[in-house]
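Peer 1: Please work from the sequences and hints to get the whole structure.
Counting from 1, position 1 in the sequence shown corresponds to residue -17 in the numbering used here; the numbering is continuous, with no gaps.
One should not assume that every hint holds.
[To be verified] The calculated DSS-like cross-link candidates involving lysine-lysine, where the alpha carbons are at most 25 Å apart (straight line), are:
1. K39 / K158
2. K158 / K138
3. K93 / K144
4. K144 / K158
5. K93 / K138
6. K138 / K152
[Said to hold, decoys possible] DEER-style ranges, computed between Cβ atoms:
7. E142 / R91: 15 to 25 Å
8. E142 / G41: 36 to 46 Å
9. D44 / K158: 28 to 38 Å
10. G136 / E47: 30 to 40 Å
11. A137 / R98: 14 to 24 Å
Because the hints were derived from the structure by calculation, they are not lab data. By construction, the Cβ of each residue, glycine as well, lies at the ideal position given by its N, Cα and C atoms.
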Amino acid sequence: MNEANRSRGLIALLAAGLAGLLTGCEMSNSPLWSQNSGPRPDGPDWANLSLNLMVDKYGPPDRIELSRVVWLNRPPWKRIAVWDDMELQQFSLAKDQNLEDTIAYSVPRDKRVALRHFNGRVSVSADGSEISARSFSEARNFLSLNLADEIIRGAKTPAEAKAFDAETLKLADAGKSSPYMSGLLFTPPAPAAAP
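Peer 2: Structure, rendered in structure tokens:
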């Protein structure tokens, strides 16, 4: 199947799925991305899991793009994106990093290098005005962004944040809770309206 046909099929499938959602139909049984987009890796369909969770929590998305579904200005997020699993493979990202949460946050240039040493799930926009975290859950993204804030403020070094991250995830996997995974522990500036 050529790229143009794949794109048309994807758009039609997304439109049909969202139309069904908006009229109260279940989305859990309909795939987000076309079955013709290639073989799926073994394991959960992270894209559909994330999409369903975000629709349940934040309502219908604001934009449907070729490789992602996007919500804008849903506090505390400036932007939420659920990426197509197959698109992530093209960027060598793990299939379980399909949920991207973004906040408005001015990051000084010298702190951007420190954040790169923290973990691969956190990224800063080219102009330093946004921080994003990617994983398979909003809770893990809260953890990454809370630790990024502590690195930027100088409360933790990247090494300390990395150790705290690993320990917190280990405890979370054992059923323990952490305020770092329950929400942002700082207040980002209110997001500006999208263009």
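Peer 1: Does each hint fit the structure? Answer for all of them.
Peer 2: We went through each hint and held it up to the structure:
1. Restraint check for K39 and K158: satisfied, since their Cα atoms lie roughly 23 Å apart, inside the 25 Å limit.
2. Distance restraint check for K158 and K138: the Cα-Cα separation of roughly 22 Å lies within the 25 Å cut-off, and the hinted pair is therefore satisfied.
3. As the CA atoms of K93 and K144 are separated by approximately 15 Å, the hinted pair is consistent with the 25 Å bound.
4. Of the supplied pair hints, the one linking K144 and K158 holds, its CA atoms being roughly 18 Å apart against a limit of 25 Å.
5. For the hint pairing K93 with K138, the CA-to-CA distance comes to about 12 Å; that is within 25 Å, so the pair holds.
6. At most 25 Å may separate the alpha-carbon atoms for a hinted pair to count; K138 and K152 meet this at roughly 19 Å.
7. Remark: the range hint 15 to 25 Å for E142 to R91 is upheld by a beta-carbon distance near 21 Å.
8. The hinted range of 36 to 46 Å is satisfied by E142 and G41, whose Cβ atoms lie roughly 38 Å apart.
9. The beta-carbon spacing between D44 and K158, approximately 35 Å, falls within the hinted interval of 28 to 38 Å.
10. A C-beta distance of roughly 37 Å is found between G136 and E47, which places it inside the suggested range of 30 to 40 Å.
11. The beta-carbon spacing between A137 and R98, approximately 18 Å, falls within the hinted interval of 14 to 24 Å.
Comparing the model with each earlier hint shows no violations; every hint is respected.
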